Structure formats: C-alpha cells, structure tokens
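S.K.: Chains as they are written, first to last, in this note's numbering: chain A, 6 to 450; chain B, 1379 to 1758; chain C, 158 to 672.
Since the hints were derived computationally from the structure, they do not count as laboratory data.
Possibly wrong hints are sitting among the right ones.
Partner residues are not named here, just some residues of chain A that face chain B (Cβ under 8 Å, in silico) [unchecked claim]: (1) W298; (2) M361; (3) S364; (4) G397; (5) Q401; (6) L423.
Quick caveat: nothing in here was measured; it's all calculated off a predicted structure.
We put the beta carbon where it would ideally sit given N, CA and C, even for glycine.
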Amino acid sequence: MSNETSAPLPGRLVGSGLNKELAQTRGVTRRQVVGGVIGLTGIALLLGVAPNITSDTKAFAFEPPPDALEISFSPVLLISLIGVWYVAAGVMSFLPARFDRLALIGQLVAAALAVPLVLAVGLALSDARATNVTNLLDESLLLATPIALGAMTGLWCERSGIVNIGIEGMMLGSAGVGFTFYAILGNATSTPWLWVAILVAMLTGAALATLHAVLSIKYQINQIVSGVVINLFALGLTGFLRSEVIVPSGNSKGVATSEIEIPLLHRIPVLGETLFSGGPLHFAMYGIVFLTWLVMFRTAWGLRVRSCGENPHAAETLGIRVIVTRYQAVILGGFIAGVAGAWFAMEAQAGFEDNMTNSAGFIALAAMIFGKWTPWGAFGGALLFGFTRALGSRLQFLNVEIGDFGIPSEFFQSLPFLVTMVVVAGALGRAVAPAAEGLPYTPSK
Amino acid sequence: MNNQTSTDDRPHRWILQTWNLQPVLIPLYAILLAFIVGGVLIALIGVNPFEAYWALLRGMFGTPDRIAGSIARSVPFIGSALALAFAFRAGLFNIGAEGQLLVGGLAAGWAGTWAFMYDTPGIIAIPIVIVAGFVGGALWGGIPGALRATTGAHEVITTIMLNSIALFGTRWLINSTDPKILRDTSASVPRTKEISETARLPQLVDSQPPLHMGLFLMLGLCLVVAFILKRTTFGFETITVGTNPHAARYAGVNVNRIIILAMVLAGGFAGLAAASEVAGTNYFFQPGTFAFIGFDGIAIALLARTNPIAIIPAALLWGSLLSGAPLMQQEADVSIDVVRVIQAMVLLFVAADAIVRWVFHVRDGTESHLDAPTTGLSSA
Amino acid sequence: MNTTGAQVPVLEICDVTKTFPGVIANEDVSLTLNKGEIHCLLGENGAGKSTLMNVVFGLYQPNAGSIRVRGTEVSFDGVNDAIAQGIGMVHQHFQLIPVFTVVENVILGDELSKNGLLDIKEARRRIRELEQQYGLNVDPDAMVGDLSVGQQQRVELIKALFRNAEILILDEPTAVLTPGEVDDFFEVVQSLVDQGKSIIFITHKLREVLAVADRITVLRNGRVAGTADPKSATPQSLANLMVGRDVVFQVEKAEAEPGQTLISVNELTVDDDRGVQTVNGFSVEVRAGEIFGVAGVEGNGQREIVEAITGMRRSTSGNVTVLGHDTTKMSPRRITELGVSHVPEDRNKHGLVGSYSVADNLVLNRYYKQPYAIRGVRHAGPVDEEALHLVEQFDIRTPGIHVPVETLSGGNQQKVIIARELTGDVKVLVVAQPTRGLDVGSVEFIHNQIISLRDQGVAVLLVSAELDEILSLSDRIGVLYRGQLAGIYEGKDATREQLGLLMASGATEPEEVAR
C-alpha cells in the first residue's frame, strides 16, 4: 500500500478552496455567528455588568498630566449604551441578506466600541479614578512596530509565492548580530557605530532571507522546513553570540537610538506627541508600510512580484523571470526584518537577550493573514495586537477586581493572544492567500 | 549498467553494495556536515573543535549513566515530534505542542495529586495519570482542530496563540497563592504537589535525567502511530485528507471529523509525553521544565520526514546533543548554543539533501524527492 | 531577399525536434505559415501540438531544427525574444491572473510607467483602442476572475495584440466556448486576418478545421502525419490521419429499454462557491437502463448540479430522490452506499490522489469495506487482487499497480476512475466530462463501458460539454442553460443545430461562470 512512501508536509499557510466546499455543507453563516456573539455580549452587558458595577464617575484622560484633558463619564451609562448597540448589532446580523451591509456596519462599530467598553469596565472594576488614553495609544504604536515590520517581511515573501515562517529567526538573528557589532565595535554607546549596527542588522536579515530563498527556490525544499531551519539557526547563533561575545565584552547594555520629534506637529494637542514623536526606526516603520503598499500595488515591479505569487507560469509566458523576481522580493523582505531586529536590540532598548523577539515573528504572520495579505490590512493587524498588549498591561496596572477576586496578571498577559485567536477564528471571513504560494516552481525549458 | 566510475564514487558504491545503506547514508553525511559547520563556529572563538566535540561526545555517550541520560532526555521529544508528525499527515501544521505539553502535564500533575490516588495501587494510579495527560493535551489540540474545521481558522496562528495562552494559564494556576489553586506552597519553586508514590513510573536507571518506563510508553506510541498510519482505514483517511482533501471528500471521508480527530490525537500524544515526564522524571508539574520541547519536536518531526519510526533515531540524536552539551560547556568552555546551530544544520542538510549529495559526490539514488511539497490544502 | 511575386512565409518551422527525459515530443516537424493565412494544426491529445508551439513561442528550446521568421533564422532565448519578433500565443489553459484586472493582466511584463508608477490610464486607453480595432469587447477594469470564459479569451487576445503580435498561435481556443461564442470568435479571427495577421490554429475539432482553415497539418505521435487541403478533406480522412487507422465515430448501441425512475431531481437550486445561485430550479428524471445526457457549455450550473446530487454540495432548495431515498441532505458516503457511482469532472482534484498507488486509487470508494479492510485494519492482499483484476479488465496501461497514479497518462488515469466507479454494485451512475482531454481510443473504450452499464439497467446521468459525446451516447438529452433545463429531446430526434441554439439560447450569452 502506498500511503507510507510519501510524507506530505504542508506547504501552505491557508487552505482556501476546501473551506469553500466545507461551507457549502453548513447552514449558518459566519456573519450570523459573529452577530450572535456580539448580541449575547450586549445582553450580558445590560443584564449582568451594568447593574453590578459602581456608580462612581470615572474619567478618560488625554495627554500626560499636568496638561491632561479629562473627560468624565458614568461607566454605568456608557456600558449600558454600548450594550444596547451590541444587542442591536446582534439582531441586525440575523436579518435577511438585503441588510448585509447594515449588519457589517453594525459589527464594525461594535468592534470599535470594544475599546472604550473594555476601558470603562476596567475602570469601573478598579479603584482608580481615571486612566490615560494617550499613553495607551503611545504604547500600542510602539508595540506594533516590530509586528508591522515583520508583517511587511512576510508580505513581500508570500506575495511572491514563498511561504516564510522564518520571520522570527530573521528578526532574532538581525537583532543578535547587529547588537554584537554595536557592543564590540562601538562599546554599545557610540552613535555612529549604532547606525552601522543597524545597517548590519539589516544585512543579516537579508542574509538569512537569502538562505531561505536559496533553500526554497534553488533546492526546492519544503518552505516550512526552510523557515524552521532559519528559526533554529538564528536561535542557536544568537545565543552563541550572546554568551561567547556580547557578555564577555562587558557591553551588554548600551545607548539606544534617541527619540525624534517632528517639529511643530508634535505639539498638536492630544495626539501630537503620540503620532509625531518616537524613535527613528519607529518612523521608518510607517515609511516601510507606505512604500510596501506603493511599490507592490502601484509599480511595475510590484505587479510582477504579485504575478509570481499568483500564477508564476502565466508570468513566465509574459517574459517575467520568476526566479529572479522571487529572490528580489524575499531579500527585500529580509532587509525589512533586519529593521525589526534592529528595533528590538537598538531602539526599544539597547541590549540583546536570548530569544528577545518572543514570538513577534509569528504574530507578524498572524497580522499578515489578518490583513489578507495587504500592507494596510497587516498594519491594522499589528495595531490590533499592539493595542491589546498595551491594554492588557493597562488593565493589569489598574488592578481590576471582580468583587473580591483580583484578575490575575497572567490573564492580561494572554489577552493579546486571546483576541488574535478570536479575530482569526471569528471575524475574518475567507482569507485568500496568493494562489501559488508554497508551490515549487520549475521554469519551462 | 553504468560503466563510468569516477574515483569519488567508488567508496560509496562499495558501501552501497555491501550494505543497503542509501537511506542512512545521506542523513549520516548531513550530520557530519553539520558538525563541520559547528566546528567552524567553535574555532572562531578560539577553541579547538575536536576538544569541544570530544567533550560533547563524552557528555552524550561517555559513561553508561550518560547514555541513559541521553536516552531519557530524548524520550519526551518522541511524543512531541509525533504530535507534529501525525497532524502533518492530515495536512495540519500543528506548532502547538508547547501548549499541548503544558496542559497535558498540568492535567497529569494534578491527577496525580487527587486525594484517592495516594491509596490507589500503581496498576490503576499510573494509567490514570497517563490518561489525564493524554486528555489534557488532546483538549488543547482539539481546540485549534475544531476551529479549523468549523471556521477555517488555520492552525498556524491558533496553535501559536494557544501556546502562549497555555503558558500564562498554567503559570497562573501554579503561581497563584491567593487563592491557592495548584501550588505546592511548601516547595521552593512554583510547582504542583508531588504526585502519589503509587502513580510514579518505575525508574530504570538513575541518570541525569532519570531513565524510566516512560521510554517504553513513547516507543510503544511510535509503533501505534506507525500502525495507524500504515494499516488502518483511519490512517488512510487521515493521509488522504492531508494529500488531497478534495478527493478525500469525494471518496466519502468526513474531512472535518478527520481534521478534528487528527488534532485531538496529536495533542494527546504531546500530553502523553508530558505525562511521562511528570510521572517518571519530576513527579510534579512545573511549567518551566517543558520549555522548547514542543519547538524541538517540530524540527525532529521534519528531520524524520514525519515517519513515526524515523522519529526515534531523530529524537535520540536531538536529545543526546542537548544532553551532552553541558559537558562541552564545562570542559571546553563552549556555549551550549552551538548545539542548536548544529541541530539547525542537521535539519537543513537532511532537508536539502542535494547539498549533501553535491559535497560528497553521491549520485541521486532511489529516493524520490520526498520534500517536494504537496499542496496539501490547495485551493481550486 | 524576396523577389517580386514570391512571398516569403511569415513563419517557417524546419525539422524541429524537441525531447523531454524519456519522451520525444516532436520529431523532425516542419510547417510553414504564410502571411494572412489560417493554418490549422491538427492532432490528438499528446500528439505534440502544444509542445511545438511552445517551442515557437520561446518557452521551450528545440533540441534540433530551426525556426525562421520572415525569412530570417531566429533563436529564442525566452518568451521575450519571440514576442519581440511579433509572435503571440493564446494558450489552451489561459495564462491569466484571476485577481488582477484586465488592464493589469494585459500590461504585465510590458508595463507602461510614468514617474515610476504604473500608468493605468494610458494602458486603458490603448486597450480600448485595440478593442475597437478588432471587435474585442471587455471591460478593462473588470477582475479577470469575474469574466466569462469567452471574455477571458478576449483578454488573452488583447494581451498578444498589445505586444504587436503579427503571428498569432491559438491553442484549442474553442474548447470552452458555446456555439454562439464560437461564432463570435471566428468573426474576430476573420477580422484579425483581414488586418494582416497570420494565424496558427491548434485544435482537434474537425468540423471547425474544415470551416476556417486555409491549410492543414496533422501531427501524430510527434511527427507530421500529413498535410491536407480543406477543400478536399473530410472529417473521416482527417481523423484517419490523426489516429492512423480507421476511426469509428458513432458508438454502436442497442435501443434503450428504460425501467423505473431511479433519479428524481425536483426544482433544485444551488449556490456556487461565491454564494451566487447558479442552479435555478433544475428538475430531471432518469430511469434505469437509460442515459440522460445534460448538454451545455461549462458554467451553466453543471458542476453544482452534479455536486448537489452526489452530496458534495448543499442545495438551497428543492430535493433529490435516488433509488427511493431522499438524498437531498445526505453525505457523499451514504449516497455512494445506496449504489450511486460518480465519475467527477475534475479527475485530478476529486477523482484521484496523485501520489497514491494505482491500487489505492482503484479502491478509493471502497477501501473501508470488507475484504479490503476488516474492523478498521486494511488488508493489502485483497486490494492488490482487485487492482490487478481491474487493470486487466479495463486494459489500464501501467507499469504496475504500486506506481503513483499521477505517472499514468491522462487516458489511463481516467480509466482508473472508470474502472473504480463502474464496477461493484452500481445502480446509478453520475458521470461528468468523462472523456475530456483523452485520445480517440480511450474515448471509444469509455463510451462502450458506459453503454454497457446502461444495458445492465443502470440509470446514467451524463453531463458533458462535448456535443458529439452527448449525441452519441444519450437516450434522452436535456440542454442546461443558466441553471435550468431549456429543453428535453429524445436522443434520436435531436440535431446539433437545435441543441447548439439552446445551449446559447438565442442572442444572449451566459454571463456567470463558476470558477
């Protein structure tokens, strides 16, 4: 019997076709499920939460004190109003198909309202009087930076047809190698060497990406295996560098990049500081997301990259060199991963710890899929994750208690992961990967 | 027949003619190449690679105790690798073994401390702990499986998320002192109470870590999985789903059911590995002891090309390397991370065997490229 | 240099040989194309037609021989060289990217840019110009995936013309068009020729060849079997050249003796993958011992109907009764167990597991039953026995029963599916596109198998886009148009013209194509 000879390794991240077929045999639509959940939450809010929380007034603060602009509100009222909307959105989801548009809007607004809702509930259940929203946004954007960068890396690879789960390794490797240079050559303090180190990080990212590309394209090994190799290799290499080079040098901690403030704009009240001041790599992230969108969707080369990911044979019949294009895209992605690595080790802090990327590469993958393989969508996913992370810390800080039961810190730490799961499982709808991703490609001869 | 013999080829052909070693030759060469790369790294920091490797090898196999220790270290890897390998066969990428191990271990550790267990004879107590571990892992594997089957949420993301959730969840359950949930407050580190003496797996060798009956549990598991895949209709259906789910559906296979079952079993296998550790090595559950076992399991499964029997030598290699590394660190002053690099290279060279063939001038023999990715769950 | 009066052929293929490991695809093939000519390249599947054209188009490098364009010898390093010489190719399987727009598909590889960014406006303008010039109407901003097959083909033509192709190679262009679309297509071809283009037309459809060709070359097994003059050739003479022996066109079959109604479909409505209702109230009754042929161009709901009947897809309303049981909501396996066999339209996707052995594929519908498996454990002995038996009975050409089925030729792969589905306790057979892409010999064989099954009292529902097949096999014929049966005829009463008209249903074209 033949089933032992082939050892099929999954080559792709998303199976879209089969889901369509499976969906045919179920009766209920995704929209209804999501709507149902929202509706039930609304009912829970109205019946369970609102009556049982404190009637004190709380406030949302914008901008750090002493300029803080405060908006006071009654949690009971706010939560009740949101609860009403949730119930309405739930009901709308069960209307006939004509009202699909309406139901979608209802759900989206419900999603947006989740933010003030959670904050309000958190405040209501804690002793604190107010919570600073600007800070929250600040942190969210910060935490989203490496995710967004990683997602762009993933985008460039996957859109060209190469599955890349080695983003984690690329980031980690660049962080480690980059910081090693900084520590040895610049004592982890010298600014010119800092920038050299950042460049080295980018080159390391590109080098690891080249390895992935060679393994996937030239040797045609299973691309998931190749990604795992990169991750493992980076883990070992950076651990090695840390214990054998960085720590002995005495320069394990150092001076990170200095914050940049965009003149004038950063003085805008409320959002100015948040949006217009930050580290250079953080700003680079915005640029990279924008450029990814521009190049991928508005230039000839971007069109070609995408064609390689959708139908490489068709691209070939039009004279496009699929293999060359794929190498280019993957290596470009590698450079971007290098920026992310540099952010970890030279901007968020100046130092390298073992496994400091801590699954960021995988979360970036989730963000990419969340964004349906588009740059702005992926950016949104990164923001979502960064936000829930920041929110988790904030709620932890507020010492939220239900009755006498203090919610454990671990719950808040797992919040971003829970939210991502819920989003991926519930709200996404069909995610369509580039059609040809993961498939080996051999040019005609 | 082939008349051309390049001088490079002759030793190999002699070896091949004497023993049918072709399937083993490439992996052996791959290991050799990996050690060479690692050696370069070691040399770069000024240490003699041969000294370092000698220490490594002695750490791995130097004394009978060390051998036992290496084997013991490899045991849990078998289960976690099976967790991935089995799911892979169904076309599912289960990287959630980390989390499945944690939940399985927690369940096993908890079950072992149930009041009645302290008076129950081993013949009942041990299976209870083992089964508890299986159920815990199966549950944690079943969640992404169910999500995959019902919502199409694919398991790469959900399993990674669940890994972290499991980590935080078990940490909370173990760390929490107010209220005290599972923590053994008399212990110096956060962990569960020690499980009943009767629920402990008999020890075979008092090595570091101890080698115990868990070895046979895992070996038996390999055989069971191999049998399922090769000989049963369930295994046939699973592999069909993994190879061509459309054809599977057409052939009447309930694809959703297979997906969920495959993940449940895969998670269960990880849970069994965790139970074996809890019941045989530590006698309690402490989250930290499972770090990286799931991650390593991925690499081992890929190294073994998801073949359950091949997982045994692959896990052995992996575990031994990790087991021997501390001696290398101690004697040759080389960081244990070198071993990770070697591991990465082994995986790389086994996967990209074309590189190995090129380096050692081995002709492409009977093996068809097992690595050419099938499209698994490709779209229309 | 050409002297006055003697026209240099616009394309000359001289003794081209192209081999792949283990197979000689083209051997010493020569062919000339004159300016403004329609030259038809005829041959069975596997004769080497597409390979030859891929060589001309620069996708493949010939192992021997040469190619001259307008008298000068050329050597193509790749597709770009061929395009530069004015050669354009429309492949049999469209090389389009469904998620891109028409404009994007057309300009890909030859993009217009302004200031570094794509100049879509200019591209759009040029495309509209070409559309006007040659009568090819397609919305440039439509997503190609949403277009009908006929429209997609026009996109392919625009792609070639956008690159100033003077020599157009069209590979099986009419394979997926309705008779109405085929007429439109030939109008476009005429327009192209009138404006000086030269065309090589690859096909296996004999009638079309005789209708449009200026000259005909027939390939067989990679070599030129002969040339023909459309004025004197007949379908029979061409077929004989193609196959090398006398070909029987019409299948011999006895009168049908229909019995009880075994399949009864009532007002079925089904949605396609995108949630669009593609089947709009389909009803049919098929009796034991009869073959009911559903004619129609692909995209009118055939796939969804077959999938709904065999349990692979949920219908949204209506019901299906098979052998007395309501199977509307039954799972595929339960329906199979009632005695329903299904030969799927897409053999690679649904019908076979490519990497599995021939033996495993032969028992794919009964691997779980005794004696192939007992209590969940499979037994190789009975499987192999059955496989050997079927291989012999159906004359499946394979080196052994343990080789991966994907190594077999298309015809033999289909035979594996036929062998599997037509044996056992079959009471009802649903068969879709059974002979697509197969050589004439295999077609004959499979048709005979289906007839034989019908003679044993099986109710056969045949779905096919090949009108010849429908006419030759069916006892009763229904034409599927836009998800409904537009008319039902007795097999012997139906004519091609009637059916063709119904398939296109007058002036309008089917507008929905399931992907």
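S.K.: Does each hint fit the structure? Answer for all of them.
M.R.: Hint check results:
no. : hint : verdict
1   : W298 : 23 Å, violated
2   : M361 : 14 Å, violated
3   : S364 : 7 Å, holds
4   : G397 : 10 Å, violated
5   : Q401 : 12 Å, violated
6   : L423 : 6 Å, holds
The structure fails to meet hints 1, 2, 4, 5 from the earlier list, while all remaining hints are met.
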